[in-house]
Amino acid sequence: MDAPGARLAFEGFGFRYAIDLDAPTEFAQLRQHLLPGSVPVIGDEPAARYAITRACAERRFTLACDGEILLADSAPPDVLHAFRSHVRLRMALAAGRWAFVHAGVVGWGDRVVVAVGRSFSGKTRLVAALLRCGATYYSDEYAAVDERGLVHPFPQPLSVRADGERVGALRDPEALGAVVGSEPRRTALLVDVHHEPGARWDVRPLASVDVVLTMIAHTVAAQARPGHSLAVLARAAAGARGIIGVRGEAVDAAEAIVRLLEVG
Numbered sequence: 001m002d003a004p005g006a007r008l009a010f011e012g013f014g015f016r017y018a019i020d021l022d023a024p025t026e027f028a029q030l031r032q033h034l035l036p037g038s039v040p041v042i043g044d045e046p047a048a049r050y051a052i053t054r055a056c057a058e059r060r061f062t063l064a065c066d067g068e069i070l071l072a073d074s075a076p077p078d079v080l081h082a083f084r085s086h087v088r089l090r091m092a093l094a095a096g097r098w099a100f101v102h103a104g105v106v107g108w109g110d111r112v113v114v115a116v117g118r119s120f121s122g123k124t125r126l127v128a129a130l131l132r133c134g135a136t137y138y139s140d141e142y143a144a145v146d147e148r149g150l151v152h153p154f155p156q157p158l159s160v161r162a163d164g165e166r167v168g169a170l171r172d173p174e175a176l177g178a179v180v181g182s183e184p185r186r187t188a189l190l191v192d193v194h195h196e197p198g199a200r201w202d203v204r205p206l207a208s209v210d211v212v213l214t215m216i217a218h219t220v221a222a223q224a225r226p227g228h229s230l231a232v233l234a235r236a237a238a239g240a241r242g243i244i245g246v247r248g249e250a251v252d253a254a255e256a257i258v259r260l261l262e263v264g
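Mapping the sequence shown onto the numbering used here, position 22 (from 1) lands on 22, and the numbers just tick up by one.
Incorrect hints may appear among the rest.
Derived Cβ-Cβ restraints for the label pairs, each shown as a range [claimed, not checked]: (1) D110 with G177: 18 to 24 Å; (2) R200 with R7: 52 to 58 Å; (3) A207 with D172: 36 to 42 Å.
Simulated from the structure, these hints should not be mistaken for laboratory data.
Every residue gets a Cβ at the ideal spot worked out from N, C-alpha and C, and that includes glycine.
Construct the entire structure; sequences and hints are all you get.
So this is what it looks like as structure tokens:
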């Protein structure tokens, strides 16, 4: 017999969301897919209400948000992946006092490296390679920037995709031997490199203004809140260097980035 349904509510990065579950036992891995830092909450209307309901077929489910169907007649892993992506996008668009930049982030010394890139651009592989070089883990998806321009940890499991796969396997950073960052940091280096198979590391410096513009170009709510985004990211970019270009293998790129950081 199925366990009774559950109604859960959480808040992460100031964003409140609720989840109605038809079959909680089928979604034991839900916590891995919540927003980082989510805490249970009660009261107040959520900014987004999700519902995961049983479809007609056995072990198939439908995902909806605020009454709109996002995914129908799907297996639990696919439902969780869709929920994970959607709740992060809703949070980033709501933003509040934050600016969320599509980027992988690692700590090095008392500052962070922000490696911008869209989904499927290789951010996670570059982050994982930097972790193996001794960096501290902050995020493989968003740079969470506060009003002072400081980058906060967004410490979710890394989504590591095999070649040709759209859904990555989730791996805890500790499994890579990494330490998870706990303090907000200033940005030392902005990295805007795209992967080309067989390419050599080939980058050039970015001017200060282009560091800001590059961050804005990868910010989720930049069009909806241009003034706020510009103010926050100008503070984030203050004193940061930037590079743009192409990379080959992630391990080679990570070693090149570490060399840049070590020479100051």
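Structure-based check of each hint:
{"no.": "1", "hint": "D110 with G177: 18 to 24 Å", "verdict": "holds (21 Å)"}
{"no.": "2", "hint": "R200 with R7: 52 to 58 Å", "verdict": "holds (54 Å)"}
{"no.": "3", "hint": "A207 with D172: 36 to 42 Å", "verdict": "holds (38 Å)"}
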